[in-house]
Amino acid sequence: MKLTFRIPGPLLSFTGGRTVVDAEAEASTVAEALDQLWRLYPGLRDRVLTEQGQVRPHVNVFVGPDSIRDTGGLSTPLEGRVEIAIIPAVSGGVAPGRDG
Amino acid sequence: MADVRHVSPKDGDALLMVGTMKGAFLFRSRASRARWERGGVYFPGNPVYAMAYDGRAGRHRLWAAPESFHFGSVMRSSDDFGKTWTSGETANLRFPEDSGASLKRVWQIAPGRAEEPEVLYAGVEPAALFESRDGGKKWSLVRGLWEHPHRPQWQPGGGGQCLHTVLVDPTRRERIHVAVSAAGVYRTDDGGRSWRTAHKGVRAQFLPDKHPEFGQCVHKIVRHPSRPDRLYLQNHWGLYRSDDAGESWKDVASGVPSDFGFGMAVHPYDPETVYIVPLESDEFRCTPEGRLRVYRTRDAGKSWQPMTRGLPQKDALETVLRDALATDGFEKAGVYFGTRSGKLFASRDSGTSWAQLADGLPPVVCVKAAVVAKARGKGH
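Here the protein sequences come in this chain order: L and V.
In terms of the numbering used here, the first sequence has 13 at position 13, counting the first letter as 1, and numbering is strictly consecutive.
In terms of the numbering used here, the second sequence has 1222 at position 222, counting the first letter as 1, and numbering is strictly consecutive.
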């Protein structure tokens, strides 16, 4: 199946500047599709997932128009031609007022 | 994109590493410390809470832990004073799977003893200690502390549940002190396998039991290498000294306008001389009376004197955070601090007089000072 990944600006240093990455691979879930992406560009993995293998809390992963948070997370099933977008949450920035 | 400048320190120069909420900077001066040049911004947009200089074994290595709100924290190093950094492609500090934890922030990077030049430590959030034995390539969780029975009950301080201070004993190979907010001081005497509390006498003002077994909100501890059993502690309310490696602590807050504060630094040559910047209260974390004063003791805390020459004494509501006060390695000590309002101040006469090095930086969270090591590899 054909997979298309959209890569956000802050991560382009890990893809040689590519904003769109195409791959041809079998993937029945989002996790399997992302494994293809990590194989091509290993530096992306630790940016998108924590060391426990979960999507970082302020990163959103979309399949087409749907956030995988609403569709089963990394286990979200895939079929047909798939476009996956990695998008930093707009909650971005720095939490205020943290003194200690 | 911000314009990046670089500095090229030479042996014997003074070097400041300044971490801010939006990137890191370097400041370099000759040993006179009269004129400074600035390098950076490095990692623009990323908070940098931890930096360190490692001059052991002939290195000139800088460490920084830039973090991305979205994409996590990575430890990166530079052997050319910031012109290039290791890629940070792989997250090098990783909680093991069985811990169930994920790295949130690196609060402290501490080179190990001079005679163990490949050893480094990192204190992180959630509160844990990591150790590297190969110069920082591979890091592993110090299990002895992680598995301490107190740890599941440690509470976060206002800054998060962080291990923010690592003090390696220069004379006892197996002894390390760490400080955790809000848990207290823990000490190992066997290289990290077992840990016990080392905060007897330190009050927890904010708890019903003022002297709990643990739960103290220690903001910073410092030690002098020539007298390793003497420690000083800035608490969330309280200023303390220990003369027995943390077995017991004595209140030394006499003559300060407030015993609340964060940063603390010890003179590089005199174990009796310590610096703090008192803040009004935990409610109002600003310099009392709008006066920016560094307090200095020269008698191990028996008395404290305000240092004001060159520092604003009117309408200066400033905050100096726990890692934003530092001394360098010169005999006539340089003392440095940064503020949450982005100002950087320096003294080159052991704190007596001050000059402003920078204004308009992003909020300063980390200031580390070093003397660039001679080529023979002798650290300062």
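In short, the hints are calculated from the structure, not lab data.
This one's a predicted model, so the numbers in the text were calculated from it and none came from an experiment.
By construction, the Cβ of each residue, glycine as well, lies at the ideal position given by its N, Cα and C atoms.
Do not take every clue at face value.
What the hints assert, rightly or not - Computed footprint of chain L on chain V; a stretch qualifies when at least three of its residues, placed anywhere within it, have a C-beta under 8 Å from a C-beta of chain L:
id, region
1, 1080-1093
2, 1198-1206
Unchecked claim - A few chain V residues that don't get close to chain L, going by computed Cβ distances all over 10 Å:
id, residue
3, Lys1010
4, Arg1038
5, Ser1102
6, Asp1251
To be verified - Here are a few chain V residues that sit away from chain L, every Cβ distance over 12 Å (derived from the structure):
id, residue
7, Glu1097
8, Lys1104
9, Arg1143
10, Gly1192
11, Ser1303
12, Phe1330
Going down the list of hints, with the structure as the test:
1. 1080-1093: Satisfied; 4 residues make the cut.
2. 1198-1206: violated (count 0)
3. Lys1010: holds (31 Å)
4. Arg1038: holds (22 Å)
5. Ser1102: violated (4 Å)
6. Asp1251: Given that every Cβ of chain L is farther than 10 Å from that of Asp1251 of chain V, nearest at about 21 Å, it holds.
7. Glu1097: violated (7 Å)
8. Lys1104: It is violated; Lys1104 of chain V is separated from chain L by about 10 Å at its closest Cβ, not greater than 12 Å.
9. Arg1143: Answer for Arg1143 of chain V: holds, closest chain L Cβ roughly 16 Å.
10. Gly1192: holds (21 Å)
11. Ser1303: holds (27 Å)
12. Phe1330: Phe1330 of chain V is indeed farther than 12 Å from all Cβ atoms of chain L, at 28 Å.
When each numbered hint is compared with the structure, violations occur for hints 2, 5, 7, 8.
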